[in-house]
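Whenever a hint applies, use it, and build me the whole structure from the sequences.
Here the protein sequences come in this chain order: A and B.
Note that our numbering has the first sequence beginning at 1, numbered continuously upward.
Note that our numbering has the second sequence beginning at 1, numbered continuously upward.
If you're looking for bench data, these hints aren't it; they were derived computationally from the structure.
There's no promise every hint is true.
[Said to hold, decoys possible] With a straight-line Cα cutoff of 25 angstroms, these simulated DSS-like cross-link-like pairs (lysine-lysine) come out:
| hint | chain 1 | residue 1 | chain 2 | residue 2 |
| --- | --- | --- | --- | --- |
| 1 | B | Lys1 | A | Lys55 |
| 2 | B | Lys42 | A | Lys3 |
| 3 | A | Lys3 | A | Lys53 |
| 4 | B | Lys42 | A | Lys13 |
| 5 | A | Lys70 | A | Lys55 |
| 6 | A | Lys71 | A | Lys18 |
| 7 | A | Lys70 | A | Lys57 |
| 8 | A | Lys57 | B | Lys1 |
| 9 | A | Lys18 | A | Lys53 |
| 10 | A | Lys3 | A | Lys71 |
| 11 | B | Lys1 | B | Lys68 |
| 12 | A | Lys70 | A | Lys18 |
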Amino acid sequence: DVKVTQSSRYLVKRTGEKVFLECVQDMDHENMFWYRQDPGLGLRLIYFSYDVKMKEKGDIPEGYSVSREKKERFSLILESASTNQTSMYLCASSSVRRGAVDTGELFFGEGSRLTVL
Amino acid sequence: KQEVTQIPAALSVPEGENLVLNCSFTDSAIYNLQWFRQDPGKGLTSLLLIQSSQREQTSGRLNASLDKSSGRSTLYIAASQPGDSATYLCAPISGNTGKLIFGQGTTLQVKP
Numbered sequence: 001d002v003k004v005t006q007s008s009r010y011l012v013k014r015t016g017e018k019v020f021l022e023c024v025q026d027m028d029h030e031n032m033f034w035y036r037q038d039p040g041l042g043l044r045l046i047y048f049s050y051d052v053k054m055k056e057k058g059d060i061p062e063g064y065s066v067s068r069e070k071k072e073r074f075s076l077i078l079e080s081a082s083t084n085q086t087s088m089y090l091c092a093s094s095s096v097r098r099g100a101v102d103t104g105e106l107f108f109g110e111g112s113r114l115t116v117l
Numbered sequence: 001k002q003e004v005t006q007i008p009a010a011l012s013v014p015e016g017e018n019l020v021l022n023c024s025f026t027d028s029a030i031y032n033l034q035w036f037r038q039d040p041g042k043g044l045t046s047l048l049l050i051q052s053s054q055r056e057q058t059s060g061r062l063n064a065s066l067d068k069s070s071g072r073s074t075l076y077i078a079a080s081q082p083g084d085s086a087t088y089l090c091a092p093i094s095g096n097t098g099k100l101i102f103g104q105g106t107t108l109q110v111k112p
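As structure tokens, this is what we get:
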């Protein structure tokens, strides 16, 4: 089974702190994603990456950066945490579509609930 | 820009009922569509992936259909059980990057 592991289930940080959220997948997937989920707003894409050292902005990249130095690991970085970044953060991975074989099924981690005080 | 709508937003049914969850999307140029389940405070669990060449997919008591031309998908749950209580989300997959856009979800409560 595909496993996507997020390093921390719960974090509490103070305003202005630098925050690292780590995500590791064990299925050699090319694509990795970071979403945040908020009540009433649903899941929104922050950043995604479809290869090592590649990154693309999602719908709400402001205040975030990402790092993908190895294929299996995708990190979300909050350079200076703010209270409006209190949220549930979800990492996901998928394989690319290859020719006539449609894959692309997305697998999620358990989520990291971040509280910024 | 893809927009996804799920109806109803919430549903409460007695155990044993068959039910249908609806998902509509504005951009029909999708490759696949995926249905997920989310329990409170947890991540998303993949239920079904309907590939672009398929019209439906079945797993146990779940059946999902896809009509790309009309921009609709439905998730059918047969003989609902209290353990089915969760939020169900649909997400069409656009492009080779596998980017998904999510609906707001349908929160289901099945009463014993």
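Original post:
Taking 25 angstroms as the top limit, are the C-alpha atoms of Lys57/A and Lys1/B close enough?
Top reply: holds, 15 angstroms
Original post:
Under the criterion that the straight-line Cα-Cα distance not exceed 25 angstroms, is the pair Lys18/A, Lys53/A satisfied?
Top reply: holds, 21 angstroms
Original post:
Is Lys1/B close enough to Lys55/A, meaning Cα to Cα at most 25 angstroms?
Top reply: Since the Cα atoms of Lys1/B and Lys55/A sit roughly 20 angstroms apart, the hinted pair holds (cutoff 25 angstroms).
Subject >> Hint consistency between Lys42/B and Lys13/A [alpha-carbon to alpha-carbon, up to 25 angstroms] >> reply: holds, 20 angstroms
Original post:
Can the restraint linking Lys3/A and Lys71/A be considered satisfied, given a maximum Cα separation of 25 angstroms?
Top reply: holds, 14 angstroms
Original post:
Is the Cα-Cα distance between Lys1/B and Lys68/B 25 angstroms or less?
Top reply: holds, 16 angstroms
Original post:
Are the Cα positions of Lys3/A and Lys53/A separated by 25 angstroms at most?
Top reply: Between Lys3/A and Lys53/A the Cα gap is close to 22 angstroms, so the pair holds against 25 angstroms.
Original post:
Lys70/A and Lys18/A: Cα distance at most 25 angstroms?
Top reply: holds, 21 angstroms
Original post:
Lys70/A and Lys57/A: Cα distance at most 25 angstroms?
Top reply: holds, 19 angstroms
Original post:
When you check the alpha-carbon spacing of Lys42/B and Lys3/A, does it fall within 25 angstroms?
Top reply: holds, 15 angstroms
Original post:
Given the proposed pairing of Lys70/A with Lys55/A, does the C-alpha separation stay at or below 25 angstroms?
Top reply: holds, 12 angstroms
Original post:
Given the proposed pairing of Lys71/A with Lys18/A, does the C-alpha separation stay at or below 25 angstroms?
Top reply: Answer holds: Lys71/A to Lys18/A is near 23 angstroms, not above 25 angstroms.
In summary, the structure agrees with every hint in the numbered list given earlier.
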